[in-house]
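Novice: The chain contents come next:
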Amino acid sequence: MASSAASGSRVELRGVGVTYPGGSDAVRNVDLTVGAGEFTVFLGPSGSGKSTLLRTINRLIEPTSGAVFIDGVDVRTLDPVVLRRGIGYVIQAVGLFPHLTIGANVGVVPTLLGWDRARIARRVDDLLALVRLEPATYRDRYPRQLSGGEQQRTGVARALAAEPHLLLMDEPFGAVDAIVRSSLQDEIRRIHRELGTTIVFVTHDVDEALRLADRIVVIAGGAIAQADTPQRVLAAPADDVVRSLVGIDAQSREFAEARPLRSHEMR
Amino acid sequence: MNYILAHPDIVAERLGEHLVLTFVSLAIALAIAFPLGVLVARRPRAGAVTLAVLNVIYTIPSLALLAILVAIFGLGTPTAVVALVAYAQMILVRNVAEGLRGVSPAALDAADGLGFTPFARLVRIEIPLALPAIVGGIRIATVALIGIATVAAWIDAGGLGALVFEGLHQDDPNKIVAGSLAAIVLALAADGLLRLAEKRLQ
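Chains as they are written, first to last, in the working numbering: chain A, 1 to 267; chain B, 1 to 202.
Rather than coming from a laboratory, the hints here were simulated on the basis of the structure.
For clarity, every value in this text was computed on a predicted model and none was experimentally measured.
Wrong hints could be hidden among the right ones.
Facing chain B, from chain A, some residues (calculated, C-beta under 10 Å) [what the hints assert, rightly or not]:
1) R55
2) P98
3) G155
4) D170
5) G174
A few chain B positions that, by computed beta-carbon distances, are all more than 10 Å from chain A [to be verified]:
6) A48
7) Y58
8) A64
9) T77
10) A107
11) L122
12) L129
Pair by pair, the computed Cβ-Cβ distance ranges are [claimed, not checked]:
13) A:L113 to B:P44: 30 to 38 Å
14) A:Y142 to B:P44: 28 to 36 Å
15) B:P44 to A:E134: 42 to 50 Å
Using N, Cα and C, we set each Cβ at its ideal position, and we do this for glycine too.
Build the full structure now, drawing on both the sequences and the hints.
Specialist: Listed below in structure tokens is the structure:
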């Protein structure tokens with residue numbers, strides 16, 4: 001598949017802060033480097049600033065201080081439209097375009113980029129196969145005809161359409177039931193292995209973070225509380241905030257502890 | 001009925017005038033209402049002022065508005081077109097804005113995040129998704145304009161209203177019935193066709 005050639009971007013946040021017009025801080029002075037090809041999960045409770053931080057990367061939110069660099073380039077020097085076409089973006093609400101077919105939804109960024117129709121059609125079929133939606137069955141359907149899980153698979157395929165080197169995912173599996181979520185987690189892990197795309201993934205779900213992440217960045221009160229491997233976050237929480245977040249109940253932690261080991265052994 | 005059968009050519013000519021008056025006005029009204037509707041949807045404060053002004057125009061009785069406009073532009077079709085365009089604004093702008101406001105925030109966030117330019121987002125996502133509401137506005141405006149255009153004959157703008165006014169002056173009920181009936185049928189036909197279009201879009 002052509003997409004297997006894609007690789008990952010390196011993302012650097014330097015002193016990033018976001019202050020809302022009211023004067024309250026959403027994000028305070030965040031320094032973070034996400035390595036090329038790394039699967040990084042921003043973990044934190046709702047309102048912690050993790051989504052805000054994610055959205056500074058593709059300039060949906062402009063930092064009020066500090067700067068974001070992708071492969072060494074300050075994103076402020078790029079046209080936001082051009083920047084975003086090169087970055088995959090998946091959100092919890094999926095946001096498929098209801099008036100377009102699944103094929104047209106997946107092909108929407110290539111269409112904006114002016115690819116020819118045959119190339120878009122090939123790419124759409126490759127991507128639907130990648131997210132395990134049979135192209136012949138799904139290509140001409142409309143979003144409302146799909147289940148929640150199928151819609152989010154489409155959302156992932158759409159985000160990957162222009163072979164981005166960076167994929168931003170904002171609580172992408174938060175709205176589907178546990179079984180579907182688990183299978184979507186397996187898929188994104190597999191896609192990450194196959195494509196080598198850098199992924200920054202936001203969640204408030206500790207199990208999900210432990211299961212997916214190469215590195216977990218725990219965010220609380222708009223700042224980084226700890227940035228470490230899942231094993232280290234579990235074994236040596238940096239402070240009480242992290243400890244209370246990952247240790248909510250012993251049972252779910254035991255369940256989760258087994259997960260990252262398995263998924264890391266596979267890599 | 002008798003008059004329509006006896007003088008189909010005259011009725012057809014008046015009907016033609018009526019159609020031209022209505023649809024020329026509608027086309028101009030739409031060209032103005034689209035940008036205004038976008039403004040109202042995007043800028044709540046400027047939008048509220050715009051809608052308030054349009055609402056004032058909308059509540060002026062049609063004879064009074066025509067009288068005012070004749071004082072400025074004189075008698076004839078162009079003056080009638082100005083009046084019809086002004087009336088249609090309220091309905092069209094409100095529906096364009098409502099349609100745009102009704103587009104799901106998730107679709108807009110996705111469009112922004114995927115790298116749509118503001119114009120591409122408007123044309124490829126927002127307007128198509130707002131289309132049922134917009135066509136609903138076009139339907140209501142068309143029916144209203146067909147009715148108001150009847151009064152426009154009073155300022156020498158022709159149309160089916162001319163038959164009605166002639167009938168009144170000449171004490172000829174056949175003419176009055178012919179003009180009224182044709183206007184009613186035209187309004188019902190436009191309403192039915194546009195309802196069909198609305199259904200297909202949903």
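Novice: Minimum C-beta separation from A107 of chain B to chain A exceeding 10 Å: can you confirm that?
Specialist: Violated, because the least Cβ-Cβ distance between A107 of chain B and chain A comes to about 5 Å, which does not exceed 10 Å.
Novice: Tell me if the interface restraint on G155 of chain A is satisfied: Cβ within less than 10 Å of some Cβ in chain B.
Specialist: holds, 8 Å
Novice: Lying within 30 to 38 Å: is that true of the beta-carbon distance L113 of chain A to P44 of chain B?
Specialist: This hint holds: roughly 34 Å between Cβ atoms.
Novice: Once the closest CB in chain A is found, is it more than 10 Å from A64 of chain B?
Specialist: holds, 42 Å
Novice: Does the nearest C-beta of chain B fall within a distance shorter than 10 Å of the C-beta of P98 of chain A?
Specialist: holds, 7 Å
Novice: Once the shortest beta carbon distance from R55 of chain A to chain B is found, is it less than 10 Å?
Specialist: holds, 8 Å
Novice: Verify this label for me: L129 of chain B is non-interface relative to chain A, using a Cβ-Cβ cutoff of 10 Å.
Specialist: violated, 6 Å
Novice: Answer holds if the nearest beta-carbon of chain B is closer than 10 Å to that of D170 of chain A; otherwise answer violated.
Specialist: holds, 9 Å
Novice: Hey, does L122 of chain B actually stay past 10 Å from chain A on C-beta?
Specialist: holds, 13 Å
Novice: Against chain B, run the beta carbon of G174 of chain A and see if the smallest gap drops under 10 Å.
Specialist: This interface hint is violated because 13 Å lies over the 10 Å limit.
Novice: Y58 of chain B clear of chain A by more than 10 Å, beta carbon to beta carbon?
Specialist: Fine: 31 Å to the nearest Cβ keeps Y58 of chain B off the interface.
Novice: Non-interface claim for A48 of chain B: all C-beta distances to chain A beyond 10 Å?
Specialist: holds, 21 Å
Hint violations for this structure: numbers 5, 10 and 12, all remaining hints satisfied.
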